[in-house]
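Position one of the sequence shown corresponds to residue 463 (my numbering), numbered consecutively onward.
Calculated directly from the structure, the hints in this document are not laboratory data.
The model shown is predicted, which means the values in this text are computed figures rather than measured ones.
Treat the hints with care, as some may be off.
Computed beta-carbon distance windows for the label pairs [stated by the list, open to error]: (1) 616 - 1047: 52 to 58 Å; (2) 1116 - 734: 26 to 32 Å; (3) 908 - 992: 35 to 41 Å; (4) 1165 - 1016: 30 to 36 Å; (5) 1237 - 569: 57 to 63 Å; (6) 1100 - 1047: 49 to 55 Å; (7) 1165 - 957: 38 to 44 Å; (8) 1016 - 1051: 36 to 42 Å.
Where is the CB? At the ideal position from N, CA and C, for every residue including glycine.
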Amino acid sequence: MPQKLSLMVCFVAFVISSIGQSFIGQREVVNFTKQTYNAGRQNWKILQDKQGRCYFANNEGVLIFDGSFWKLYPLPNKTIVWSFDFGNDNKLYVGGQDEIGYFATNKYGNLSYTSLKELLDTEDQKFADVWNIVHLGNDVFFRTTSKIFRYHDGKMTVLLPWSAWGYMGIYNNQLIAHDEEKGIMVLRNNQWQTLVPESSLPAGFYITGMAPYNNGSLITTAKNGLFVLNDKGINSFQAQGTASLQGFTAVIQLNNGSYLLGTYNNGIIHIQANGTFIEAFTKAEGLQNNNIKSLLADQFHNIWVGLENGISFIPLNSAIKHINPTVFNDASGFAMALHDQQLFFGLSNGIYALPVTNTHDLSFSLNNVHRIAEGQTWQLYHYKNLLLAGKEEGFFQYNNSRFIPIDVSTGYWTFKPYDAQNDSFALAAGNYLGLHLFSYQNNHFINKGIIPNLNTSARYVAYDSALHCIWVSHPYRGVYKINLRNNDVKLYTAANGLPSTLNNHVFKIKNEILIATEKGIYTYNAAADNFQPSAGYQPIFDSLSIRYLKDDAAGNIWFVHEKTIGVVDFSTSKPFIVYLPELSGKILSGFEHVFPIDQKNIFISGESGFYHLNYLQYKQNIHPLTVYIRNVNAKNKEANMVFGGFYGEPNADVSQSAANFPSITHKYNSVQFQYSVAFDEQQTSIEYRYWLKGFDKEWSEWTKKTEKEYTNLPAGFYTFQIQARNNLNNTSAISSYSFYILPPWYKTIWAYLVYGILLIALIMFLYKFQENKIQQKQEKRMLEERKKYEEEQRNLAYQHQLALEKAEKELIQLKNEKLESEINFKNAELASTAMNLVQKKEFLLKIKDELSKINKSGKEQIELSELKKILKELSEEKNLNDEWEQFSVHFNQVHSNFLLKLKSLYPDLTANELKLCAYLRMNLSSKEIAQLMSISTRGVEIGRYRLRKKLQIPSDTNLFRFLLDIEESNTDSDNASSSNEKND
């Protein structure tokens, strides 16, 4: 019994050690946390469609990853999606809690859900969780614990268990299900038949996964381990490294016939078909946790893992692996060497060794790394069966599994052999102080001293056999040439043809001395004793800043540009550059080191450990790239999705048809495109270019951006084309999306129709307007002509009137002149008459005087001659009375019948008073009036007073003004009468 127990303990220890012992090279697992994909913790099943999108049955719905973007499609009742499957119609059939249905593509290229629950009878619509969904032909089966629903031709039927359904899957193209009472049943000709009775199954048998295995299936169980099911029955399956494990969650078969087994607590176990253990993937190898819920091998043979919390991607087919075993303690890698069937790793904390038995792909060597020496290691150099180490402490040689010191006076950077007379092994060793020369004789190194006049740290060293000199470069001082014949040292800087004195690094590549500079590769021209651009390498590197060069046995040249490593591949007639973007930012900057053993084993120093590159596999990992447009948004102030990424049903591989060219309103004429390729191990190297036909003139430059936006597109038809490539120049086919940008409302057909109508109306209006305008012009012209005619007539009438008035005025003037002449004549007569009157008075006075003389003479008789004389004078007096009568007539004529009017107004006036009025009207003085009236001046004043009284003139009124007013009023009356007579 103790012996058996001991054997069992040893077996378990072997199993545990086998599982725990992994390969030295680990794949870089990519982890997606729930914060990254923004959905539930657990992912119960994984699918991939024909275009490469991955689907995850998540706690919160169906989660889709297109390589760049995540999107969640929840069920209507927001329940957990335990399972899903693509049907033959390419729709995605989904089951949740009390919900079954499918996702199909709507007219916008987006997925929309259709429930099938209404197809069930009312009593069947409560079924809790849907645990498994599979399709077989045109049928889709949904398993719950109490029922299996069969969906066919739009109808749903129910398959009832004998007790309860525990599992459902596909076995040899047949539907099988595990009934907890009857065992494993197979559906044949619509009838359940027992494939394995329950009695043949172990207690608590619960299937968690199935995968094809020979002519049957490999089955994983929750508690009972592994089984193989075939037509002969079911048998337990023993896999190396799994004896202690009984709980499995999933199983998938890989393209090479091996299997991955998911466990509850031990991650993923990789086995051969015969059960041989290959490797394990656990949290130590990069998984987020060890509880595996689902597995999927994608179209590129990489692994997607649904976890208890999160999603992981294992690049199983990756040609790049990370070498950083625990013993390295995350130290930085500096140097490597292959010596005595061991790989030696020089790191910042020591030297480690790994036994290797073959050179097929050393990354698959078991992790048996062990430390040999401690301390900072700069260089490991294998030459003539010797392994040398340049360390911070000095120069060491490997011997009998340990490193022994050669020179510990200073730290050593590098070693380079050179030709020396009488010395089969001469070594130039660059160290902190300069360049030491060593000779190897009788299994011992002899220190031949330091090169004088160098006096600088010699980290970069190369031997030039053609010139028998050693080149040493210093990144801040320039390049030194050391003539080994006389130890002469010369410094070359920018003054000697180098593009700069700084950042020059010397390397010997294909037996040629090259200087890696800030502006490409330079070589030495011995005839001119200066440096010039390399004719052979300048066309390849152009003016790239190069800081490291290394050639390999295949003739390729490895280099470092800034922080990116690449290789110039000379395998074709035209060399080409392949960059390794997967390692960007991971290599040890400033201490780059590439150790190429062969094309399957290229080791590269890293910030933590090393990286292994199977370059042959890397170049062969060329698989078709499929780029797809995963989203199109038309934008205004907010996004409006036009296309959701699906041209057909979710699993259909179709292109956009002309019938599906959308028309986007001009309001949303800013269009954003999102695109991607299926996720793979070379995702970081993917670049895209695009071309919007109808707008762009040509393809864009290659870019890593996964979206492009165009703003303010004019109306028209457009086709957006997208193409992808990786760093191996593997280019995808072109994917395209066509659409219309509709014109703005004011440029639509209806708008143009309205414009046409308006134009016609405008033309008619303008015609009518012009016609009316012409008519108005004509009317205006006629009116103007009529007005002109009338004006002319008025002018003529006016001229005529003027002429008449002129003639009348002239006539009046003539009349006035005549009247004036008559008045003047009358006035002259009046004046003459007045004078006559004066003369008469003088005559009377004369008669009076003569009579007085006669009376005084005393004569009693008057002589006849005296009487005749007096009679004659009296006769003349009568003539004077006649003259007053004549004066009165003339006065009335000149002064508008003034005397007559005055007499009619004041009939009581006496003749003398009338005479006084006439004289006053003539504005004669009192003296003159007195003479005319033969009275005294006092008599005139008295006459004035009596006249005022008769005329009733106030004392403040001027008598002359009063008489003048009577004359003027009489004149107006005469004019009015004359005018009336003229009008008549």
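The hints, checked one at a time:
1. Restraint check, residue 616 to residue 1047: a C-beta distance of roughly 55 Å satisfies the suggested window 52 to 58 Å.
2. In this structure, residue 1116 and residue 734 break the distance hint of 26 to 32 Å, their C-beta atoms being roughly 39 Å apart.
3. At roughly 36 Å, the beta-carbon separation of residue 908 and residue 992 lies within the given 35 to 41 Å, and the hint holds.
4. At about 32 Å, the beta-carbon gap between residue 1165 and residue 1016 stays in the expected band of 30 to 36 Å.
5. Between residue 1237 and residue 569, the C-beta spacing of about 60 Å keeps the proposed range 57 to 63 Å intact.
6. In this structure the hint that residue 1100 and residue 1047 lie 49 to 55 Å apart at CB is violated, the actual value being about 37 Å.
7. Our hint of 38 to 44 Å for residue 1165 and residue 957 holds, since their Cβ atoms are close to 40 Å apart.
8. Our hint of 36 to 42 Å for residue 1016 and residue 1051 is violated, since their Cβ atoms are close to 26 Å apart.
Hint compliance for this structure: hints 2, 6 and 8 are not met, and every other hint is.
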